[in-house]
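Just so you know, the working numbering puts the end of the sequence shown at 422, numbered straight through with nothing missing.
It is possible that some hints are incorrect.
Cross-link-like lysine-lysine pairs, in silico, DSS-like; alpha carbons within 30 Å at most [stated by the list, open to error]:
| hint | residue 1 | residue 2 |
| --- | --- | --- |
| 1 | Lys365 | Lys119 |
| 2 | Lys199 | Lys106 |
| 3 | Lys119 | Lys145 |
| 4 | Lys87 | Lys199 |
| 5 | Lys326 | Lys199 |
| 6 | Lys106 | Lys365 |
| 7 | Lys365 | Lys118 |
| 8 | Lys326 | Lys233 |
| 9 | Lys233 | Lys119 |
| 10 | Lys393 | Lys87 |
Estimated spans, in silico, between C-beta atoms of each pair [as the list claims (entries may be wrong)]:
| hint | residue 1 | residue 2 | range |
| --- | --- | --- | --- |
| 11 | Glu210 | Asp83 | 19 to 27 Å |
| 12 | Gly225 | Gly114 | 25 to 33 Å |
| 13 | Asp192 | Glu129 | 39 to 47 Å |
| 14 | Pro280 | Gly225 | 21 to 29 Å |
| 15 | Arg216 | Glu121 | 29 to 37 Å |
What the hints contain is simulated information worked out from the structure, not anything from laboratory work.
Backbone N, C-alpha and C fix where the C-beta goes; we use that ideal spot for every residue, glycine too.
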Amino acid sequence: MNSPFADRPALADVDLAHLDIFERNEAWASFDRLRAESPVHWTPETGGSGFWSITKHEDIVAIDRDAETFTSTEYVNLEEVEDDDLKDLRRSILESDGTRHRALRKLLQRDFGGQTLKKFEDFLAGLTEATVNAALRQQSFDFVKEISADFPIQVLAQMLDVPPDRTDQLIHWGNQMIGNTDPDYADVLISDADSDQYKHLPFRSPAALEVFEYGRELAQQRRGGDGDDLVSKLVNRVPIDGEPLTATEFDNYFLLLVVAGNETTRHTISHSMLALMEHPDQLALLQQHPELIPNAVEEFLRWASPVYHFRRTATRDVELRGQQIKAGDKVVMWFASGNRDEDVFDDPYRFDVTRTPNDHVTFGKGGPHFCLGNALARMEIRLMFQALIPRIKTAEFTGDVTRVRSNFVNGIKKFPVTITTR
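Go ahead and model the full structure; you've got the sequences and the hints to work with.
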């Protein structure tokens, strides 16, 4: 079908800094309007300098691949970090470019590669079965809590070699940081005046202090050892440029693993199950032809678009589609919009598990910041639905689906269901 949003807002009324439309799942109509009429669009911003919204797939790909013109070093979210010392305190591989970025990325790159992960597939499949079995025994449950959040965090706990009794804490920390615009998650919202005392921390979140403390405890235990977990590798490997991780680089790398190792996969699983329940013909097709599930994973990722955007900053004056972008301007790639681009995806608002090709930009697109954990995420999603789909006899909603109040993460907070099994 074509876009379901017949009543698109007028161009003058589009405001992608307004969180209400994201919490209500209504931003898609604004993306449609921008792609059609203003694909490079200036958005004023209360409390910020404003930003350019980039909504076409082609432009997103070009910007993501051009780190010389569009840098990550000025930060990748809408928040503006003006002080250079604060930037350095908060800098992770996401906010780095060039030689040091490549060195930090390669530090764990092979650990997230497809060939390495194949060795763990049987083990991960066992984790998946345990999560699914525990949830389905209840019949009625919150899908997010019992399945979407539980499985990725169990995988992350194994990779970090942290005890199972810490997984709930890892989830809580991730919620507090990524959900720093949602009062259900954050003790201190990024918009609060109180957040200024935490401006030296990632996401301006006091939870970062607890993550740092826990990571440092693990590093102290494993430094100089021969462990095969990610923490041991971070503290005992030397990056290819010969410069060991600084204490700050370790803190921020560990924090990034805690956040990124859970959030994207978690929300993709939630959105995918929601889509299968809303499109029972597609669920039935996968039950009849489970060999289609690996291909369906790509449609799950496109449909879910679990990260709405990443930001870059222009390093020089540049023209794009007739708009004059100035050096220093914030440039925001709306990946979610790119994943609904009519010029790339036939009938983009049709959920189609057989869709091919499927050139989504959920993980970025071939640039230096292409998601390090994409192979792991794909494997986790595939294993989850290979375990879950054959078991489902009926699936019904038993309450409202609630969403994270954020224009950064496209997340589902609660998703109550009743599932009966075959």
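Evaluated hints:
A threshold of 30 Å between alpha carbons decides the hint, and for lysine 365 with lysine 119 the separation of about 26 Å falls inside it, so the pair holds. For the hint pairing lysine 199 with lysine 106, the CA-to-CA distance comes to about 29 Å; that is within 30 Å, so the pair holds. The hinted pair formed by lysine 119 and lysine 145 meets the criterion: a straight-line CA distance of about 28 Å does not exceed 30 Å. Straight-line distance between C-alpha atoms of lysine 87 and lysine 199 comes to about 10 Å, which keeps the hinted pair within the 30 Å bound.
Under the criterion of a C-alpha separation no larger than 30 Å, the hint pairing lysine 326 with lysine 199 is consistent with the structure, at around 26 Å. With a C-alpha separation of about 18 Å, the suggested pair lysine 106 and lysine 365 falls inside the 30 Å cut-off, and the hint holds. Our distance criterion of 30 Å between C-alpha atoms is met by lysine 365 and lysine 118, whose separation comes to about 23 Å. Distance check on the hinted pair: lysine 326 and lysine 233 sit about 41 Å apart at the alpha-carbon level, beyond 30 Å; violated.
Only pairs whose Cα atoms come within 30 Å are accepted, and lysine 233 paired with lysine 119 is accepted, the gap being roughly 18 Å. Using a Cα cut-off of 30 Å, the hinted pair lysine 393 and lysine 87 is violated, with the two alpha carbons roughly 51 Å apart. At about 23 Å, the beta-carbon gap between glutamate 210 and aspartate 83 stays in the expected band of 19 to 27 Å. The hinted window of 25 to 33 Å between glycine 225 and glycine 114 holds, with their beta carbons roughly 27 Å apart.
Remark: the range hint 39 to 47 Å for aspartate 192 to glutamate 129 is upheld by a beta-carbon distance near 43 Å. As the Cβ distance of proline 280 to glycine 225 is approximately 51 Å, the hint placing it in 21 to 29 Å is violated. Between arginine 216 and glutamate 121 the CB atoms are about 32 Å apart, so this pair conforms to the stated range of 29 to 37 Å.
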